[in-house]
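The lines below spell out each chain.
There are 2 protein chains.
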Amino acid sequence: MKADEKLLMMPGPVVVPSRVLLAMAKPMINHRGKEFSAMYGEIQSISAQLFNTKADNISVISGSGTAGMEAAIGSLNNKSDKILAIENGKFGQRFKKLAGKYGTVVPLEFEWGDSVDLGKVEEKLEAGDIKSIAMIHNESSTAIRNPAPEIGKLAKKYGAYFILDVVSSLGGDTILMDEWGVDIAVTGSQKCLAAPPGLSLVGVSEKAAEEMKNITNRPYYLDLLAYRNSATKELKETPYTPAVSLFYALQEALRIVKEEGIENRINRHYLMTKAVRDSMTAIGIEMFPQLNKYSAYSNTVSAMKAPPGVDGEEIKKALGKRGIVITGGQDHLKGKIFRVGSMGSTTPLNIMNTMTELEFVLFTLGVIESTGAVDDFASDAMKDLYV
Amino acid sequence: MKADEKLLMMPGPVVVPSRVLLAMAKPMINHRGKEFSAMYGEIQSISAQLFNTKADNISVISGSGTAGMEAAIGSLNNKSDKILAIENGKFGQRFKKLAGKYGTVVPLEFEWGDSVDLGKVEEKLEAGDIKSIAMIHNESSTAIRNPAPEIGKLAKKYGAYFILDVVSSLGGDTILMDEWGVDIAVTGSQKCLAAPPGLSLVGVSEKAAEEMKNITNRPYYLDLLAYRNSATKELKETPYTPAVSLFYALQEALRIVKEEGIENRINRHYLMTKAVRDSMTAIGIEMFPQLNKYSAYSNTVSAMKAPPGVDGEEIKKALGKRGIVITGGQDHLKGKIFRVGSMGSTTPLNIMNTMTELEFVLFTLGVIESTGAVDDFASDAMKDLYV
Numbered sequence: 001m002k003a004d005e006k007l008l009m010m011p012g013p014v015v016v017p018s019r020v021l022l023a024m025a026k027p028m029i030n031h032r033g034k035e036f037s038a039m040y041g042e043i044q045s046i047s048a049q050l051f052n053t054k055a056d057n058i059s060v061i062s063g064s065g066t067a068g069m070e071a072a073i074g075s076l077n078n079k080s081d082k083i084l085a086i087e088n089g090k091f092g093q094r095f096k097k098l099a100g101k102y103g104t105v106v107p108l109e110f111e112w113g114d115s116v117d118l119g120k121v122e123e124k125l126e127a128g129d130i131k132s133i134a135m136i137h138n139e140s141s142t143a144i145r146n147p148a149p150e151i152g153k154l155a156k157k158y159g160a161y162f163i164l165d166v167v168s169s170l171g172g173d174t175i176l177m178d179e180w181g182v183d184i185a186v187t188g189s190q191k192c193l194a195a196p197p198g199l200s201l202v203g204v205s206e207k208a209a210e211e212m213k214n215i216t217n218r219p220y221y222l223d224l225l226a227y228r229n230s231a232t233k234e235l236k237e238t239p240y241t242p243a244v245s246l247f248y249a250l251q252e253a254l255r256i257v258k259e260e261g262i263e264n265r266i267n268r269h270y271l272m273t274k275a276v277r278d279s280m281t282a283i284g285i286e287m288f289p290q291l292n293k294y295s296a297y298s299n300t301v302s303a304m305k306a307p308p309g310v311d312g313e314e315i316k317k318a319l320g321k322r323g324i325v326i327t328g329g330q331d332h333l334k335g336k337i338f339r340v341g342s343m344g345s346t347t348p349l350n351i352m353n354t355m356t357e358l359e360f361v362l363f364t365l366g367v368i369e370s371t372g373a374v375d376d377f378a379s380d381a382m383k384d385l386y387v
Numbered sequence: 001m002k003a004d005e006k007l008l009m010m011p012g013p014v015v016v017p018s019r020v021l022l023a024m025a026k027p028m029i030n031h032r033g034k035e036f037s038a039m040y041g042e043i044q045s046i047s048a049q050l051f052n053t054k055a056d057n058i059s060v061i062s063g064s065g066t067a068g069m070e071a072a073i074g075s076l077n078n079k080s081d082k083i084l085a086i087e088n089g090k091f092g093q094r095f096k097k098l099a100g101k102y103g104t105v106v107p108l109e110f111e112w113g114d115s116v117d118l119g120k121v122e123e124k125l126e127a128g129d130i131k132s133i134a135m136i137h138n139e140s141s142t143a144i145r146n147p148a149p150e151i152g153k154l155a156k157k158y159g160a161y162f163i164l165d166v167v168s169s170l171g172g173d174t175i176l177m178d179e180w181g182v183d184i185a186v187t188g189s190q191k192c193l194a195a196p197p198g199l200s201l202v203g204v205s206e207k208a209a210e211e212m213k214n215i216t217n218r219p220y221y222l223d224l225l226a227y228r229n230s231a232t233k234e235l236k237e238t239p240y241t242p243a244v245s246l247f248y249a250l251q252e253a254l255r256i257v258k259e260e261g262i263e264n265r266i267n268r269h270y271l272m273t274k275a276v277r278d279s280m281t282a283i284g285i286e287m288f289p290q291l292n293k294y295s296a297y298s299n300t301v302s303a304m305k306a307p308p309g310v311d312g313e314e315i316k317k318a319l320g321k322r323g324i325v326i327t328g329g330q331d332h333l334k335g336k337i338f339r340v341g342s343m344g345s346t347t348p349l350n351i352m353n354t355m356t357e358l359e360f361v362l363f364t365l366g367v368i369e370s371t372g373a374v375d376d377f378a379s380d381a382m383k384d385l386y387v
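So the protein sequences, as listed, match chains A and B. Once you know that position 79 of the first sequence is 79 in UniProt numbering, the rest is easy, because the numbers rise by one and skip nothing. Once you know that position 86 of the second sequence is 86 in UniProt numbering, the rest is easy, because the numbers rise by one and skip nothing.
Calculated directly from the structure, the hints in this document are not laboratory data. Among the clues, some could well be false.
Put simply, identical chains are the same to the list, so a pair is met inside one copy or across any two.
As the list claims (entries may be wrong) - For lysine-lysine, the following DSS-like pairs were computed, each having C-alpha atoms within a straight-line distance of at most 25 Å: (1) K97 with K213; (2) K236 with K26; (3) K34 with K334; (4) K131 with K101; (5) K213 with K293; (6) K233 with K90; (7) K383 with K157.
Construct the entire structure; sequences and hints are all you get.
Right, here's the structure in full:
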């Protein structure tokens, strides 16, 4: 089966709608001109409604989500600044590494898949002198949603800056940047926005921008203050040559978001992940995340424990042969879990396809004794989407 | 006139052929799979022939040329390492800033537009202890080609690493990375390769890669050693999510380079810039660069002095109204020069268009007394291209 006939059901990159792909076929324009500026303005305006902040707070970096994370950490912290890095998965670990590179890292590690314990966060903050808190909102490696509003409150209480990675949630889950007290929020183009990879959207509060002026060793290409200053000029631009074609794609992807409506889009994501969970649970497959009062299952990706005696990679491979690309666990979770993304332009039909094929694969692997069970559960979860 | 009807004759971004634009309409693939690896391999293989080095030496970063420059400087130098930064234009100045960020900069500044004085370079090297030399090969801000082979020899003589920016020359001028003793060469996708902006191709010698292991504070997203390690694995990949659509475009752009033939392509660039110079000189417009024995006019962009009493920006604007986008001078050169790019997929017809329109604009501005002079000179310079 050819690659371009495969259904991508990973937590990014996701299937990109033809409208978005074809937007990239537009000719080049000068990125120091009015046309580019107008496009940048539209991108800011729509995406600001997803971040729930002001349009001027949005900057776009030509680079992956990791580039945005580095820009956030490196532009807000001096080497002597203490950064509380909350880790309960692969991306939290990456944030911790970045924190150690630009600041003085104060690690707070939980088992991957476990929930963040707010008591332990407060203990670290009480111990004093934390400049910034770095956390992943939607830890896609384990499919858990971490408690952003609560961490925002703690950040406020202890006078810390709050840097939140919303790479795999913005566009598929509610983000209230201003209300939660997030100082910098970072996302990528290739997840719930359903654009191609290569751009990072970063929301920067005025307070954070002000503080960046005090940071002496900000990165160069990833200097977030430079991006913000260029993005708030009358002729909006980027400090370095932007990936113009990807801006075309992002503009079109955001127009689609606007047409669908943000609430509808988030609800679709919710019901699709619920359909995955309900149908998997119905056939005895357990969810991987360990929730507590303040965490939740991810709205955009689901992580299941591999059944006893079965390697998660086998499930992934068998499904791949049938034309559906899901993903496994990372690092020490490899083989132990398998993950299904429900991001971006994924449809209920894609979910039905994936669940029935997954059920068949589990049947052929001897995990379940018959097929035909998942349809009802998945359909029922998504019934509000059938209009 | 609408933006997408304008002819881009700047030193990047350039007109991108439809074949390349449409390549981006292909669906997403998993960037951790065989299809992506095969595409990356093809990109390495063709571009290595432009760098004149081994395919495995090529890495591709999702970011602009500046990102590639930062990756080069930051991955090869510790803070205490002395970097000789040769500056004779805007991009040399940028290299100097980057050098100061990651190492200890030893500046060597010439007037923008002047040639590099090899004697002064050797003086700095003799003073001792230079770890790396950073130079722009084709300084597009002033349209001069700097003496890369000679600097390579000096680097060898004094045991320094040689970092060469070939952003605006690779694909349009001869680059002999291995023969010249270049340790790291950096280019961008949106210049002579005629792909959209957003990727940086970096050639890294084995010697440089070995030395990078000793660098303690390499950038994170722009860690060149990480890119090289990922690019030389059997399953070729990038350390962070790549801009897959831009890889499609680059692959197609490089296929076009291969079809044209590298020698033919470089010759076309040479004859097109010669046509610009010959026709401008014929009507009394002076070239801006001050050449010496070791420098040359750029093979890919031409910089002209604004005629007495005329602002270079006026020429740019008047031509823009007529549908052709050229560019002016940067920083203190603004208004003093105007520049015409001849990069990538630019055709002799585009050059003829631009020269005759430019002549007309100069006529309307009162610089020349009649029109009709440039055609012969431009045609004659490019006669080998009319086959």
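Results of checking the hints against the structure:
1. K97 with K213: Close inside one copy (23 Å) and across copies (18 Å); limit 25 Å.
2. K236 with K26: So K236 and K26 pass the 25 Å test inside one copy only (20 Å; across, 30 Å).
3. K34 with K334: Classified as between; 19 Å across copies, 48 Å inside a copy.
4. K131 with K101: both (15 Å within a copy, 23 Å between copies)
5. K213 with K293: neither (38 Å within a copy, 45 Å between copies)
6. K233 with K90: between (37 Å within a copy, 22 Å between copies)
7. K383 with K157: neither (42 Å within a copy, 74 Å between copies)
Checked against the numbered hints listed earlier, the structure breaks hints 5, 7; every other hint is satisfied.
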